[in-house]
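Chain by chain, the residues:
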Amino acid sequence: MNLKELYQEIILEHGKNPRNLRKTENFNKDAKGNNPLCGDNVHVYLKLNNQRKVEDISFEGSGCAISMASASIMTDLIKGKSDNEAKEIIDDFLGMIKENPELKSTILEEDDKTKLMCLSGVKQYPMRVKCATLSWHTLISAMEDDGKQVSTED
Amino acid sequence: MNIDNIKKEFPIFDEKIQNNDLVYLDSANSSQKPKVVIDRINEFYTKEFSNVGRSIHYLAVAATNLYENTRSSVQKYINAKDKNEIVFTKGATEALNLVANTLGQKYLNEGDEILLTELEHHSNYVPWHYLRKSKNIKINFAEINEDGEIPIENIEKKITPKTKVIAINHLSNVTGAILPIKEITEIAHAKDIIVVVDGCQGAPHLKLDVQDLDCDFYAISCHKMYGPTGLGILYGKKKWLEELPPYQGGGGMIKEVKKDRITYGDLPNKYEAGTMATAQVIAFDKSIKFLESIGIENIIKHEKELIEYGQEILKKNNSVKLIGNPKNKGGVISFTIEGVHPHDIATILDEDGVAIRAGHHCCQILHDKLEIPASARASVGVYNTKSDFDQLNESINKCKKIFDLK
Numbered sequence: 072m073n074l075k076e077l078y079q080e081i082i083l084e085h086g087k088n089p090r091n092l093r094k095t096e097n098f099n100k101d102a103k104g105n106n107p108l109c110g111d112n113v114h115v116y117l118k119l120n121n122q123r124k125v126e127d128i129s130f131e132g133s134g135c136a137i138s139m140a141s142a143s144i145m146t147d148l149i150k151g152k153s154d155n156e157a158k159e160i161i162d163d164f165l166g167m168i169k170e171n172p173e174l175k176s177t178i179l180e181e182d183d184k185t186k187l188m189c190l191s192g193v194k195q196y197p198m199r200v201k202c203a204t205l206s207w208h209t210l211i212s213a214m215e216d217d218g219k220q221v222s223t224e225d
Numbered sequence: 012m013n014i015d016n017i018k019k020e021f022p023i024f025d026e027k028i029q030n031n032d033l034v035y036l037d038s039a040n041s042s043q044k045p046k047v048v049i050d051r052i053n054e055f056y057t058k059e060f061s062n063v064g065r066s067i068h069y070l071a072v073a074a075t076n077l078y079e080n081t082r083s084s085v086q087k088y089i090n091a092k093d094k095n096e097i098v099f100t101k102g103a104t105e106a107l108n109l110v111a112n113t114l115g116q117k118y119l120n121e122g123d124e125i126l127l128t129e130l131e132h133h134s135n136y137v138p139w140h141y142l143r144k145s146k147n148i149k150i151n152f153a154e155i156n157e158d159g160e161i162p163i164e165n166i167e168k169k170i171t172p173k174t175k176v177i178a179i180n181h182l183s184n185v186t187g188a189i190l191p192i193k194e195i196t197e198i199a200h201a202k203d204i205i206v207v208v209d210g211c212q213g214a215p216h217l218k219l220d221v222q223d224l225d226c227d228f229y230a231i232s233c234h235k236m237y238g239p240t241g242l243g244i245l246y247g248k249k250k251w252l253e254e255l256p257p258y259q260g261g262g263g264m265i266k267e268v269k270k271d272r273i274t275y276g277d278l279p280n281k282y283e284a285g286t287m288a289t290a291q292v293i294a295f296d297k298s299i300k301f302l303e304s305i306g307i308e309n310i311i312k313h314e315k316e317l318i319e320y321g322q323e324i325l326k327k328n329n330s331v332k333l334i335g336n337p338k339n340k341g342g343v344i345s346f347t348i349e350g351v352h353p354h355d356i357a358t359i360l361d362e363d364g365v366a367i368r369a370g371h372h373c374c375q376i377l378h379d380k381l382e383i384p385a386s387a388r389a390s391v392g393v394y395n396t397k398s399d400f401d402q403l404n405e406s407i408n409k410c411k412k413i414f415d416l417k
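Those protein sequences? They're chains A and B, same order as listed. If you're matching positions, the first sequence starts at 72 in my numbering and goes up one per residue. If you're matching positions, the second sequence starts at 12 in my numbering and goes up one per residue.
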């Protein structure tokens, strides 16, 4: 295990100064997620326009450096994408965290991929994987608009 | 047994944990096990195994005697009046569920009130919450003061003519506050209120005398007392255990079963349905002997010194903020570090072999009150030393460095 891989500079920076930590005005999709084991919670807000493009995305909540950084990077990358592109990015990220060594998506720029790969350090810390994936599962729920609260323990 | 080199009685400390010596500061969660307890489980399964209380063959009789022998040891250890006041359960959680459920069935009615405190563990809240749902019972919470204690007047303030039960922990698993159970019981009994004590943290760290405390029920978690998992104990005053209905139905708890009627067994069988955690019960006798061989007074003194030392060095570490400052405290030190989430603290400490707990420690009510989502907690057992806290402090400094804190 390697702490340096887990707490990379980008993670610490995003954890300290999370982007899009606010509530989108006029959001039309949202979902809440929580991790009952540690009390982390996140609320993701989306504004999807008529062309099904993510006009704005934001989140509120509190959590560890990993979960805050993950939500921060996620919202940064999803903003401006179409809903289909967003879904592809989400699948790609969750696939990478779960088993794939690399990201496969061609939508993301190399820079963005590098940022996302910074979160791959959690793969060595099974107890921390949920910290990295909570906001992403919550985003899926918001996009599907199923009104379900996401829990890491379901 | 000398407490200064007690560590060598625990085989786990011979292991390297990710190439580190283990600094185990998570005993409030579960304690490590001495070799005598581990060996006893092995020996029982290897040479003496049988189910208890049913068959009449040699092994069954011998196992039953061993099983009942632990009951007697527990009775003595907590100074219960009667051996039949000791009921084995699968854990303290089941013990508390048993009390809430059976009191709910027979004793509590719509509109009655139960008084808890803001310090309660979820296992001493959720079982009562079921009664709120099923019987329309009201739950009140006695508030903590700024030191994370429950002063007796905060209990008195919340007692109403409808209060039927006070369910309260003996020692807080977050602030470490020791609650004045005896005084609370005196006040409660003067008003015919039943007192249920969650003794999960009290039993491993305090001198127990249930007759002196005079509480009606006392729940114990054996795995926090250097004993096996899967085992708890409910102490209940005989009059209550006799009067209340059974909790679970099954083999071993009946007297007579007919197609049209069933009569239940006497104490303690009435509350021990099905095959019990036999090996664990038998091995728990060794846990009690182990505690007795050190002496509870020595344990209390040792742990007090550790907690005082730990608090002292953590207080000197700026950016560490201790949670609660109870005058009468034991077992645990909970803290936060400004700018570092407890989970990040725990992961970084773990890299050095320092095992602590991070989260809300099953006390969400308390964390909400303190307006923090989570905290980090270092808790002690007989095997800890001051050097464990030195290592904790050193690893906290590493944590601060990673997060660029001064």
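Derived by calculation from the structure, the hints in this document are not laboratory data. These numbers come from a predicted model, not from an experiment. A virtual CB, placed ideally from N, CA and C, is assigned to each residue, including glycine. There may be inaccurate statements among the hints.
As the list claims (entries may be wrong) - Which bits of chain B does chain A cover? Going by a derived footprint, with three or more residues having C-beta under 8 angstroms, they are: (1) 277 to 284; (2) 377 to 385; (3) 407 to 416.
Unchecked claim - Far from chain A by the CB rule (all over 10 angstroms, computed), these chain B residues: (4) F24; (5) A73; (6) I198; (7) L217; (8) I305; (9) L325; (10) N329; (11) L333; (12) V351; (13) H371.
Stated by the list, open to error - The calculated lysine-lysine pairs, modelled on BS3-like cross-linking and capped at a C-alpha distance of 27 angstroms, are: (14) A/K87 to B/K117; (15) B/K249 to B/K117; (16) A/K103 to A/K75; (17) A/K94 to A/K158; (18) B/K409 to A/K194; (19) B/K249 to B/K202; (20) B/K218 to B/K250; (21) A/K87 to B/K326; (22) A/K75 to B/K332; (23) A/K87 to B/K250; (24) A/K75 to B/K218.
Quickly compare the C-alpha distance for B/K218 and B/K250 to 27 angstroms and report which way the hint goes.
-> Holds, at roughly 24 angstroms.
Decide if the proposed pair is consistent with the structure: A/K75 and B/K332, CA atoms, cutoff 27 angstroms inclusive.
-> 26 angstroms, holds
Run the C-beta distances from B/L217 to all of chain A and say if the shortest one exceeds 10 angstroms.
-> 29 angstroms, holds
Far enough from chain A: is every CB of that chain over 10 angstroms from the CB of B/N329?
-> 18 angstroms, holds
Grab the minimum beta-carbon distance between B/H371 and chain A and tell me whether it stays above 10 angstroms.
-> 5 angstroms, violated
Within 8 angstroms of chain A's CB atoms, at least three CB atoms from the segment 377 to 385 of chain B: coverage verdict | holds (count 3)
Is B/F24 truly not at the interface, in the sense that its beta carbon sits beyond 10 angstroms from all beta carbons of chain A?
-> 21 angstroms, holds
Mind verifying the non-interface call on B/L325? Its CB should be farther than 10 angstroms from each CB in chain A.
-> 21 angstroms, holds
For the pair we were handed, B/K409 and A/K194, check the Cα-Cα distance against 27 angstroms.
-> 22 angstroms, holds
Verify the proposed pairing of A/K87 with B/K326, using a straight-line Cα cut of 27 angstroms.
-> With Cα atoms ~25 angstroms apart, A/K87 and B/K326 stay inside 27 angstroms; holds.
Tell me if chain A covers the segment 277 to 284 of chain B under the three-residue, 8 angstroms CB rule, please?
-> violated (count 0)
Given the hint that A/K103 pairs with A/K75, does the C-alpha gap stay at or below 27 angstroms?
-> Distance ~31 angstroms between A/K103 and A/K75 Cα, so the pair is violated.
Taken one by one, the earlier hints fail for this structure at numbers 1, 12, 13, 14, 16, 23 and 24, listed in ascending order.
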